[in-house]
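Visitor: Read off the chains here:
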Amino acid sequence: KNQVEQSPQSLIILEGKNCTLQCNYTVSPFSNLRWYKQDTGRGPVSLTIMTFSENTKSNGRYTATLDADTKQSSLHITASQLSDSASYICVVSAASGTYKYIFGTGTRLKVLA
Amino acid sequence: DVKVTQSSRYLVKRTGEKVFLECVQDMDHENMFWYRQDPGLGLRLIYFSYDVKMKEKGDIPEGYSVSREKKERFSLILESASTNQTSMYLCASSYRQRTDTQYFGPGTRLTVL
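Quick mapping for you: the protein sequence lines, in order, are chains A and B.
Under our numbering, think of the first position of the first sequence as 1, with each following residue one higher.
Under our numbering, think of the first position of the second sequence as 114, with each following residue one higher.
Chain A on its own, in the form it takes in the complex:
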């Protein structure tokens, strides 16, 4: 069964600190993996997208990594800011079959001053 699991479920850090969020998937065959940021009460916004051949992608202070062999991805946030408080969702799409995206349940990050 195609699944995406994220950890931790929630995380609290102090402003200025770094953090890493994890995503493990069992989607096969793999097409691409996205990380989204979702502010409370808003729709998700894309941060990064990686295909099979890419193992790192950056977007400002956000750096995503992908290990296609172990089927793991991480999202690293550097020098966190209060505005980073949000849910971060990992989404994997398959290379064949029904056109759909498999969503993780997200990691809720809170950054404290």
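Keep in mind that the hints are not guaranteed to be accurate.
Derived DEER-like restraints, expressed as beta-carbon distance ranges [as the list claims (entries may be wrong)]:
1. GLN9(A) x PRO219(B): 22 to 30 Å
2. GLU175(B) x SER53(A): 21 to 29 Å
3. SER58(A) x THR196(B): 38 to 46 Å
4. GLN81(A) x THR196(B): 33 to 41 Å
5. SER180(B) x ILE12(A): 40 to 48 Å
What the hints contain is simulated information worked out from the structure, not anything from laboratory work.
For glycine and all other residues, C-beta sits at the position ideal for the given N, C-alpha and C.
Chain B: place on chain A using the hints.
Guide: Only chain B this time, still in chain A's reference frame:
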């Protein structure tokens, strides 16, 4: 910038009412999607459409129908609302390919009493 708009941010309906949720995108995207998002469950696909008048069921289509008469507009219909359809509903669109990013609307929080 891509813009996906949804007709209402908040909606309160009574059990048995017919409910229409509308979504409009302004970037000539081929694909449009309806999801519901519930705590601890992540986003689940209700229906998607890859062309005008074309639609396919997602993971949880029961109790819902959709309409896509024009390329820019995708409507979700609850024929007879029930309390278990209380949720956040998110619309998304993407250009065409599987690697294309989905752009999400702000969401509609529907409460069925």
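Visitor: None of the hints should be skipped; say for each whether it holds.
Guide: Evaluated hints:
no.	hint	verdict
1	GLN9(A) x PRO219(B): 22 to 30 Å	holds, 24 Å
2	GLU175(B) x SER53(A): 21 to 29 Å	violated, 39 Å
3	SER58(A) x THR196(B): 38 to 46 Å	holds, 44 Å
4	GLN81(A) x THR196(B): 33 to 41 Å	holds, 39 Å
5	SER180(B) x ILE12(A): 40 to 48 Å	holds, 43 Å
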